[in-house]
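Novice: Residue numbers (the working numbering), protein chains in the order written: chain A, 1 to 114; chain E, 1 to 115.
What the hints contain is simulated information worked out from the structure, not anything from laboratory work.
Built from N, CA and C at the ideal position, the CB exists for glycine as well.
One or more of the hints may lead you astray.
Some but not every residue of chain A turned toward chain E, in silico, with C-beta under 8 Å [said to hold, decoys possible]:
#1 Gln42
#2 His49
#3 Lys52
#4 Asn57
#5 Thr103
Here are the computed distance ranges between Cβ atoms for each label pair [claimed, not checked]:
#6 A:Pro114 with E:Asn51: 31 to 37 Å
#7 A:Thr56 with E:Val98: 19 to 25 Å
#8 A:Glu58 with E:Ser18: 38 to 44 Å
#9 E:Arg111 with A:Asn57: 29 to 35 Å
#10 A:Gln45 with E:Thr57: 22 to 28 Å
#11 E:Glu63 with A:Pro7: 46 to 52 Å
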Amino acid sequence: DAKTTQPTSMDCAEGRAANLPCNHSTISGNEYVYWYRQIHSQGPQYIIHGLKNNETNEMASLIITEDRKSSTLILPHATLRDTAVYYCIVRVNAGGTSYGKLTFGQGTILTVHP
Amino acid sequence: GAVVSQHPSWVICKSGTSVKIECRSLDFQATTMFWYRQFPKQSLMLMATSNEGSKATYEQGVEKDKFLINHASLTLSTLTVTSAHPEDSSFYICSARVGNNSPLHFGNGTRLTVT
Numbered sequence: 001d002a003k004t005t006q007p008t009s010m011d012c013a014e015g016r017a018a019n020l021p022c023n024h025s026t027i028s029g030n031e032y033v034y035w036y037r038q039i040h041s042q043g044p045q046y047i048i049h050g051l052k053n054n055e056t057n058e059m060a061s062l063i064i065t066e067d068r069k070s071s072t073l074i075l076p077h078a079t080l081r082d083t084a085v086y087y088c089i090v091r092v093n094a095g096g097t098s099y100g101k102l103t104f105g106q107g108t109i110l111t112v113h114p
Numbered sequence: 001g002a003v004v005s006q007h008p009s010w011v012i013c014k015s016g017t018s019v020k021i022e023c024r025s026l027d028f029q030a031t032t033m034f035w036y037r038q039f040p041k042q043s044l045m046l047m048a049t050s051n052e053g054s055k056a057t058y059e060q061g062v063e064k065d066k067f068l069i070n071h072a073s074l075t076l077s078t079l080t081v082t083s084a085h086p087e088d089s090s091f092y093i094c095s096a097r098v099g100n101n102s103p104l105h106f107g108n109g110t111r112l113t114v115t
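Sequences and hints are given; from them, build the entire structure.
Specialist: As structure tokens, then:
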């Protein structure tokens with residue numbers, strides 16, 4: 001699976017939008033972009049995923065550039081409970097030897113402050 | 001949404017004993033589950049892929065005789081840490097997917113402390 005690059009840490013004020021960038025310049029055409037987050041001492045929580053179109057759900061929006069080499073996760077109105085490590089992962093969805101596996105990088109530590 | 005449950009959430013054991021961790025998919029069937037390990041201030045590392053009705057596939061460097069995985073049903077996979085040592089102390093997390101094109105859902109992890 002393609003590697004991703006994320007900033008080590010970011011800060012955000014409560015109530016403001018948190019924009020978390022991710023670079024995946026070696027992404028293949030059949031690889032999806034997934035975002036998970038991990039709150040301290042818990043298992044990772046699925047947030048959103050996409051292939052090439054922008055996606056939105058009740059938690060966040062995912063903006064993928066046209067060349068698919070980078071993406072941004074947007075939490076529209078960050079709260080203190082959004083403080084977590086956010087992981088951007090690219091993965092094929094079906095087939096291949098890596099099918100189903102998620103390879104986690106170091107992620108971005110997002111701190112939401114009052 | 002899909003729920004993955006792990007038990008116990010934490011366990012303390014003495015060096016040399018074995019510990020079993022259960023991972024259950026509560027509202028769906030999972031033919032494949034994944035086991036991860038996470039040391040403090042590090043990211044998750046995949047240990048093995050658990051396949052229902054067949055042998056698990058272990059990642060390079062993970063001892064299959066030390067970390068026994070059993071996936072006897074479509075809703076249960078177990079990880080047994082045999083002859084545990086203090087260096088096995090870690091956060092163990094399982095995950096499963098609902099279907100082929102669905103995201104993985106994770107359990108809340110098991111904190112193992114070996115004294």
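Novice: Take the C-beta atom of A:Glu58 and the C-beta atom of E:Ser18, compute their distance, and say whether it sits inside 38 to 44 Å.
Specialist: The hint (38 to 44 Å, Cβ to Cβ) holds, given that A:Glu58 and E:Ser18 are roughly 42 Å apart.
Novice: Between the beta carbons of E:Glu63 and A:Pro7, is the distance compatible with 46 to 52 Å?
Specialist: About 35 Å separates the Cβ atoms of E:Glu63 and A:Pro7, which means 46 to 52 Å is violated.
Novice: Is it true that the C-beta distance of A:Thr56 to E:Val98 lies inside 19 to 25 Å, as the hint says?
Specialist: holds (21 Å)
Novice: Holds or violated: is there a CB of chain E closer than 8 Å to the CB of A:His49?
Specialist: With Cβ-Cβ at 6 Å, under 8 Å, it holds.
Novice: Do the beta carbons of A:Pro114 and E:Asn51 sit within 31 to 37 Å of each other?
Specialist: Given a distance of about 47 Å, which is not inside 31 to 37 Å, the answer is violated.
Novice: Does A:Asn57 pass the interface check with chain E, least Cβ-Cβ distance below 8 Å?
Specialist: violated (11 Å)
Novice: Does the Cβ-Cβ separation between E:Arg111 and A:Asn57 fall within 29 to 35 Å?
Specialist: About 30 Å separates the Cβ atoms of E:Arg111 and A:Asn57, which means 29 to 35 Å holds.
Novice: Could one say that the CB atoms of A:Gln45 and E:Thr57 fall in the range 22 to 28 Å?
Specialist: Since the Cβ atoms of A:Gln45 and E:Thr57 sit about 25 Å apart, the hinted range of 22 to 28 Å holds.
Novice: Report holds or violated for the interface hint on A:Thr103, using the least CB-CB distance to chain E and a cut-off of 8 Å.
Specialist: Holds, because the Cβ-Cβ distance from A:Thr103 to chain E comes to roughly 7 Å (cut-off 8 Å).
Novice: Hint A:Lys52 vs chain E: min CB-CB distance below 8 Å?
Specialist: violated (15 Å)
Novice: Per the CB criterion, is A:Gln42 less than 8 Å away from chain E?
Specialist: holds (5 Å)
Hint check: violations occur at hints 3, 4, 6, 11; the rest are consistent with the structure.
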